[in-house]
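Each protein sequence line maps, in turn, to chains A and B. Each residue of the first sequence is one higher than the one before, starting from 25 at the first, in our numbering. Each residue of the second sequence is one higher than the one before, starting from 25 at the first, in our numbering.
Mixed in with the good hints there might be a few duds.
One-sided and incomplete, this derived list gives chain B residues near chain A with beta-carbon spacing under 7 Å [claimed, not checked]: (1) W60; (2) D107; (3) A108; (4) A131; (5) P134; (6) T184; (7) I186; (8) L189; (9) A197; (10) E200; (11) G204; (12) G205; (13) R230; (14) R319.
Keep in mind the hints are simulated off the structure, nothing from the lab. Being a predicted model, the structure only gives us computed values, none of them experimental. Think of the CB as a built atom: it goes at the ideal place given N, C-alpha and C, for glycine as much as any other residue.
In case you want the letters, here they are:
Number of protein chains: 2
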Amino acid sequence: MTRRERALAIADGRTLVSADPATVSWLTGHVPDIEWGPSPFSAPPFVIVDPAGAIRLVCSEDEAGGLAAEVEAITFPGFALEDADRRARSAELALSLLHGRVAGELASLPGPLARVELDDVGDALQRARAVKDPDEIDGILAAIAIADVGQAAARAALRTGITELELWTETRAAMETAAGGRLPVLADFVTGPRTGEIGGPPTGRRIEEGDLLLVDLVPRVGGYWGDSCATVATAEPPSAVREAHQRALEALAEAKAAIRPGANAGDIDAIARAHLSFPHHTGHGIGLTTHEQPRIVPGNDLQLEPGMVIALEPGTYAEDWGLRVEHVVLVTADGCDTLSRHDLSL
Amino acid sequence: MTRRERALAIADGRTLVSADPATVSWLTGHVPDIEWGPSPFSAPPFVIVDPAGAIRLVCSEDEAGGLAAEVEAITFPGFALEDADRRARSAELALSLLHGRVAGELASLPGPLARVELDDVGDALQRARAVKDPDEIDGILAAIAIADVGQAAARAALRTGITELELWTETRAAMETAAGGRLPVLADFVTGPRTGEIGGPPTGRRIEEGDLLLVDLVPRVGGYWGDSCATVATAEPPSAVREAHQRALEALAEAKAAIRPGANAGDIDAIARAHLSFPHHTGHGIGLTTHEQPRIVPGNDLQLEPGMVIALEPGTYAEDWGLRVEHVVLVTADGCDTLSRHDLSL
Numbered sequence: 025m026t027r028r029e030r031a032l033a034i035a036d037g038r039t040l041v042s043a044d045p046a047t048v049s050w051l052t053g054h055v056p057d058i059e060w061g062p063s064p065f066s067a068p069p070f071v072i073v074d075p076a077g078a079i080r081l082v083c084s085e086d087e088a089g090g091l092a093a094e095v096e097a098i099t100f101p102g103f104a105l106e107d108a109d110r111r112a113r114s115a116e117l118a119l120s121l122l123h124g125r126v127a128g129e130l131a132s133l134p135g136p137l138a139r140v141e142l143d144d145v146g147d148a149l150q151r152a153r154a155v156k157d158p159d160e161i162d163g164i165l166a167a168i169a170i171a172d173v174g175q176a177a178a179r180a181a182l183r184t185g186i187t188e189l190e191l192w193t194e195t196r197a198a199m200e201t202a203a204g205g206r207l208p209v210l211a212d213f214v215t216g217p218r219t220g221e222i223g224g225p226p227t228g229r230r231i232e233e234g235d236l237l238l239v240d241l242v243p244r245v246g247g248y249w250g251d252s253c254a255t256v257a258t259a260e261p262p263s264a265v266r267e268a269h270q271r272a273l274e275a276l277a278e279a280k281a282a283i284r285p286g287a288n289a290g291d292i293d294a295i296a297r298a299h300l301s302f303p304h305h306t307g308h309g310i311g312l313t314t315h316e317q318p319r320i321v322p323g324n325d326l327q328l329e330p331g332m333v334i335a336l337e338p339g340t341y342a343e344d345w346g347l348r349v350e351h352v353v354l355v356t357a358d359g360c361d362t363l364s365r366h367d368l369s370l
Numbered sequence: 025m026t027r028r029e030r031a032l033a034i035a036d037g038r039t040l041v042s043a044d045p046a047t048v049s050w051l052t053g054h055v056p057d058i059e060w061g062p063s064p065f066s067a068p069p070f071v072i073v074d075p076a077g078a079i080r081l082v083c084s085e086d087e088a089g090g091l092a093a094e095v096e097a098i099t100f101p102g103f104a105l106e107d108a109d110r111r112a113r114s115a116e117l118a119l120s121l122l123h124g125r126v127a128g129e130l131a132s133l134p135g136p137l138a139r140v141e142l143d144d145v146g147d148a149l150q151r152a153r154a155v156k157d158p159d160e161i162d163g164i165l166a167a168i169a170i171a172d173v174g175q176a177a178a179r180a181a182l183r184t185g186i187t188e189l190e191l192w193t194e195t196r197a198a199m200e201t202a203a204g205g206r207l208p209v210l211a212d213f214v215t216g217p218r219t220g221e222i223g224g225p226p227t228g229r230r231i232e233e234g235d236l237l238l239v240d241l242v243p244r245v246g247g248y249w250g251d252s253c254a255t256v257a258t259a260e261p262p263s264a265v266r267e268a269h270q271r272a273l274e275a276l277a278e279a280k281a282a283i284r285p286g287a288n289a290g291d292i293d294a295i296a297r298a299h300l301s302f303p304h305h306t307g308h309g310i311g312l313t314t315h316e317q318p319r320i321v322p323g324n325d326l327q328l329e330p331g332m333v334i335a336l337e338p339g340t341y342a343e344d345w346g347l348r349v350e351h352v353v354l355v356t357a358d359g360c361d362t363l364s365r366h367d368l369s370l
């Protein structure tokens with residue numbers, strides 16, 4: 025089933041409305057600007073699917089390009105001299121498109137839209153988004169390829185004496201050069217003792233001989249997110265670190281080996297945790313968000329399905345050091361394919 | 025009056041609620057992460073001010089640090105193994121804090137909160153935010169200082185043969201090094217013929233002899249935004265360009281000279297447009313957003329007040345070249361002070 029068909033099945037004869045940015049992207053191809061927070065010249069877009077299957081995007085006139093075929097943009101003024109109330113205008117347009125019974129993603133709906141009588145189908149939409157279409161897998165692969173570039177750049181540029189921020193600049197530049205433009209990038213980028221804190225942003229700290237670099241790169245390319253993590257040593261590490269790294273690789277390999285349609289998300293989590301302990305998830309879905317179902321966490325009885333894309337990231341964290349490895353896999357008909365290509369060696 | 029006192033005056037005996045990120049920051053000191061879009065481990069925070077003046081922030085437990093004194097954080101689970109519905113939990117907490125009559129920023133309120141009966145005071149809050157307190161001016165000055173660093177870096181690193189993205193990387197790195205960490209930065213960063221398009225992001229285009237660089241840097245530091253623009257030539261430009269640049273500087277100088285309490289925003293706009301024509305605003309307020317009142321646009325009869333902070337940015341755009349200059353000013357008791365320190369020469 026296409027995404028539209030899946031949305032229509034959830035709507036079940038009702039008009040569907042959502043302002044969740046990921047759901048909007050999923051149904052329309054709209055890629056929101058995000059790096060600067062809410063735009064003063066826009067308002068969060070709405071997607072509206074009527075029972076006959078027409079998909080409409082209510083958005084600023086500046087955002088009406090690059091949409092999926094058959095999506096109609098219903099626009100309000102964008103960057104302009106006029107001082108239009110864009111949030112109010114956007115809501116008015118969306119309201120004008122709601123007819124008959126309405127199903128919506130209630131938690132996403134601002135102001136006037138949330139006052140409409142509707143059935144909340146947010147959970148169903150988020151479950152539907154967990155299984156990716158082929159074009160979505162292509163999108164995720166493109167983002168992972170950029171993450172791979174960043175991982176290779178960070179590894180190649182790692183040296184003592186430079187600051188985390190300098191290494192980060194080289195890493196980000198490599199990704200943006202490969203992509204041909206600026207990218208949103210969520211990252212853990214820590215060295216030395218701060219690797220024990222699981223993650224954090226780069227700082228002015230100078231890298232010292234013997235440090236570990238924990239580098240987790242999460243770039244967004246064309247609406248889809250990649251994810252990746254590796255830990256790199258500046259010198260031969262103590263045996264405890266090397267052994268822990270080996271256990272992390274084993275945890276990753278065994279979790280991958282257990283992934284297949286019908287496998288239980290919580291069971292995959294337990295397999296990884298048999299090798300080492302860590303205070304975070306073993307993994308999570310990625311796609312139009314950085315973290316979604318299937319969540320690979322204790323007790324999640326969700327069953328994996330072909331087309332799910334999962335980042336697996338076992339690690340371990342001590343008082344003054346920590347490490348993590350991460351690969352992204354695609355659930356296939358009988359197992360999984362590893363989509364990540366970056367080096368996981370210490 | 026303090027910000028809290030101004031909010032209480034607007035609330036006028038009602039409980040006040042907003043989920044506008046700028047209003048939340050204004051009343052609580054909370055600085056939201058924005059570079060990565062909505063976090064899967066959070067939900068937009070709410071600020072709630074009760075009629076007695078208690079300020080509460082409903083936020084993820086990960087966001088409860090760094091708040092203004094006397095702000096109480098009411099938290100829901102943040103980054104965690106549990107699959108809590110954070111948007112629902114956040115709304116429940118906010119609802120539990122609403123008593124009696126409610127005044128709210130309706131357009132900002134998601135889902136269940138927007139269903140509460142309330143008086144919409146969004147416009148009044150946004151007008152109140154246009155006049156800055158001394159600590160807010162300090163915040164804006166810190167951001168402008170970083171923009172100044174970026175302007176100097178772009179000017180110093182500009183050379184033929186490198187790409188826009190390479191120059192951008194050096195520029196951003198200078199700002200992040202000066203700030204000691206990653207920063208959200210909105211930017212126009214165009215060279216050559218694309219300067220005629222007003223703005224746009226950096227690309228892989230190589231800079232050529234004779235190109236102009238139009239560089240508009242808008243970094244956020246600690247919640248407050250700076251703004252700045254300059255146009256720099258790689259070689260002596262044609263006389264038409266130099267003359268247009270001179271007119272832009274004159275427009276900026278005369279607009280500055282006319283700024284004082286009681287001056288009309290639309291009149292300031294007209295003064296700048298007497299020197300050259302451009303399709304965008306002459307200027308705008310900055311602070312917790314990149315563009316707010318006072319908007320320096322035709323017909324805006326808002327009167328300027330001491331404490332307003334205004335970015336003025338006249339420019340001109342031809343078929344295959346364009347230029348813009350921008351300084352930020354603070355409206356004082358009898359005129360304005362220029363807060364920007366960057367070089368505006370061509």
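Structure-based check of each hint:
With 7 Å as the threshold, the beta carbon of B/W60 comes within range of chain A, its nearest partner Cβ sitting at about 4 Å, so the hint holds. Taking 7 Å as the C-beta contact cut-off toward chain A, the hint placing B/D107 at the interface holds, the least distance being around 6 Å. The beta carbon of B/A108 is not positioned within 7 Å of any beta carbon in chain A (closest approach about 11 Å), and the interface hint is therefore violated. Nearest Cβ of chain A to the Cβ of B/A131: about 4 Å, under the 7 Å cut. The hint holds.
Annotation: interface hint on B/P134 holds; nearest CB of chain A at approximately 6 Å, less than 7 Å. Given the 7 Å rule on beta carbons, the hint for B/T184 is violated: about 18 Å separates it from the nearest Cβ of chain A. The restraint placing B/I186 at the interface with chain A is violated, with a minimum CB-CB distance near 11 Å, outside the 7 Å limit. Hint on B/L189 holds. Least Cβ distance to chain A is approximately 6 Å, under the 7 Å limit.
Checking B/A197 against chain A by beta carbon gives a least distance of about 4 Å; that is within 7 Å, so the hint holds. Here the hint on B/E200 is kept, as its CB sits about 6 Å from the closest CB of chain A, short of 7 Å. Interface hint at B/G204: satisfied, since its Cβ lies 5 Å from the closest Cβ of chain A, which is below the 7 Å cut-off. Hint status for B/G205: holds, given a least beta-carbon distance of 6 Å to chain A, under 7 Å.
Contact between B/R230 and chain A, as hinted, is not supported at the beta carbon level, the nearest pair being about 12 Å apart and thus beyond 7 Å. Among the interface hints, the one on B/R319 holds; its C-beta lies about 6 Å from the nearest C-beta in chain A, closer than the 7 Å criterion.
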